[in-house]
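> Sequence:
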Amino acid sequence: MIEIKNLTKRYGAKKAVDNISFTVKRGEILGFLGPNGAGKTTTMNIITGYNSSTEGTVTIDGFDVVENPMECKKRIGYLPEQPPLYMDMTVLEYLNFVYDIKGVKKNRETHLSDILRLVKIQDVSHRLIKNLSKGYRQRVGIAQALVGDPEILILDEPTVGLDPKQIIEIRNVIKELGKDRTVILSSHILPEVSAICERVVIIAKGKIMAEDTPENLSKALEGESKYLVRIAGDASAAESVLRAVDGVEQVEKSGQKEPETWDFIVDAKKDTDIRCAMFRALAAADLPMLMLKPMGLSLEEVFLQLTSDAQRDAAATQEIQAEFAQETVGETEFEQAEDEEGGDLA
Numbered sequence: 012m013i014e015i016k017n018l019t020k021r022y023g024a025k026k027a028v029d030n031i032s033f034t035v036k037r038g039e040i041l042g043f044l045g046p047n048g049a050g051k052t053t054t055m056n057i058i059t060g061y062n063s064s065t066e067g068t069v070t071i072d073g074f075d076v077v078e079n080p081m082e083c084k085k086r087i088g089y090l091p092e093q094p095p096l097y098m099d100m101t102v103l104e105y106l107n108f109v110y111d112i113k114g115v116k117k118n119r120e121t122h123l124s125d126i127l128r129l130v131k132i133q134d135v136s137h138r139l140i141k142n143l144s145k146g147y148r149q150r151v152g153i154a155q156a157l158v159g160d161p162e163i164l165i166l167d168e169p170t171v172g173l174d175p176k177q178i179i180e181i182r183n184v185i186k187e188l189g190k191d192r193t194v195i196l197s198s199h200i201l202p203e204v205s206a207i208c209e210r211v212v213i214i215a216k217g218k219i220m221a222e223d224t225p226e227n228l229s230k231a232l233e234g235e236s237k238y239l240v241r242i243a244g245d246a247s248a249a250e251s252v253l254r255a256v257d258g259v260e261q262v263e264k265s266g267q268k269e270p271e272t273w274d275f276i277v278d279a280k281k282d283t284d285i286r287c288a289m290f291r292a293l294a295a296a297d298l299p300m301l302m303l304k305p306m307g308l309s310l311e312e313v314f315l316q317l318t319s320d321a322q323r324d325a326a327a328t329q330e331i332q333a334e335f336a337q338e339t340v341g342e343t344e345f346e347q348a349e350d351e352e353g354g355d356l357a
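Reading the sequence shown from the start, the letters are residues 12 to 357 in this note's numbering.
Misleading hints may appear alongside valid ones.
Claimed, not checked - Mimicking EDC-like on lysine to aspartate or glutamate, the simulated pairs with C-alpha atoms at most 16 Å apart in a straight line are:
1. Lys145 to Asp111
2. Lys190 to Glu209
3. Lys84 to Asp111
4. Lys131 to Glu187
5. Lys237 to Glu209
6. Lys237 to Glu226
Rather than coming from a laboratory, the hints here were simulated on the basis of the structure.
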């Protein structure tokens, strides 16, 4: 549905986006993550046609954003970080205005009524936007993105500044919208991305650091499988049985959460699935397994590890460049002195 190839955006000598490539499949909800200044908003502005790239291409449903901008834009609904609202209009007046400037051909009354219902703002449709809470303004921003029934929604920080209740409400709206649309979601609230998105792209310093499902990223970075296991029975016997299971690398007692049960953290060797073997061994020893829960890195931990590595790499690169520049200056001064003396200084 969306294909980004070798995308680069320069502002003078600085690269805001540095040769990135990724695709978004039809019907997928993709999380686009990165620290401030990573290039997220620049990339989304290029995808939506609000900005141009220095190099590379973006195609939407087979149409190039530069060569066929209108074909691309009518397939996209965009919610910027600051929703483009007219505060002195009512909600319905504003959506009618957006309907007109987009040149929508659908039945006006039915189409706008469906959008109001979908984002749950029917009850404020005749109120001035300036009198709405931030949560409702954000819903109106999503509503304007839906005018024209676009196949793609691009949402830049849709829950920024909202309280926990409003975040849950907007999250539920996005989940509903994602059932029959392609969605790109940028957010700093990582549990939200884990709850909504099927796949994530993590960007830092303008480069893509990782692209996969949150589960696969966690597994790849952790390098092993870790499980929380709750077992009924004697703790020593349970620990002995777990340690004897083929593929188990480490067993650590984690405490007692229920009467007559014990929790253990079990580390498996890389690329080894120990779940069936654990179950059989514990059943044979008459030690019922009451819970088995994977304990991979959270998306937040994955994000911090990848972006921290990028920051360190950038700092190391700058340090090397500074040292190289200093050495070059030193060599130049040496050569100049050598020329002035007319011979070898040694």
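> To test your reading of the hints: which numbers does this structure violate?
Of the numbered hints given earlier, those the structure breaks are 1 and 5, listed in rising order.
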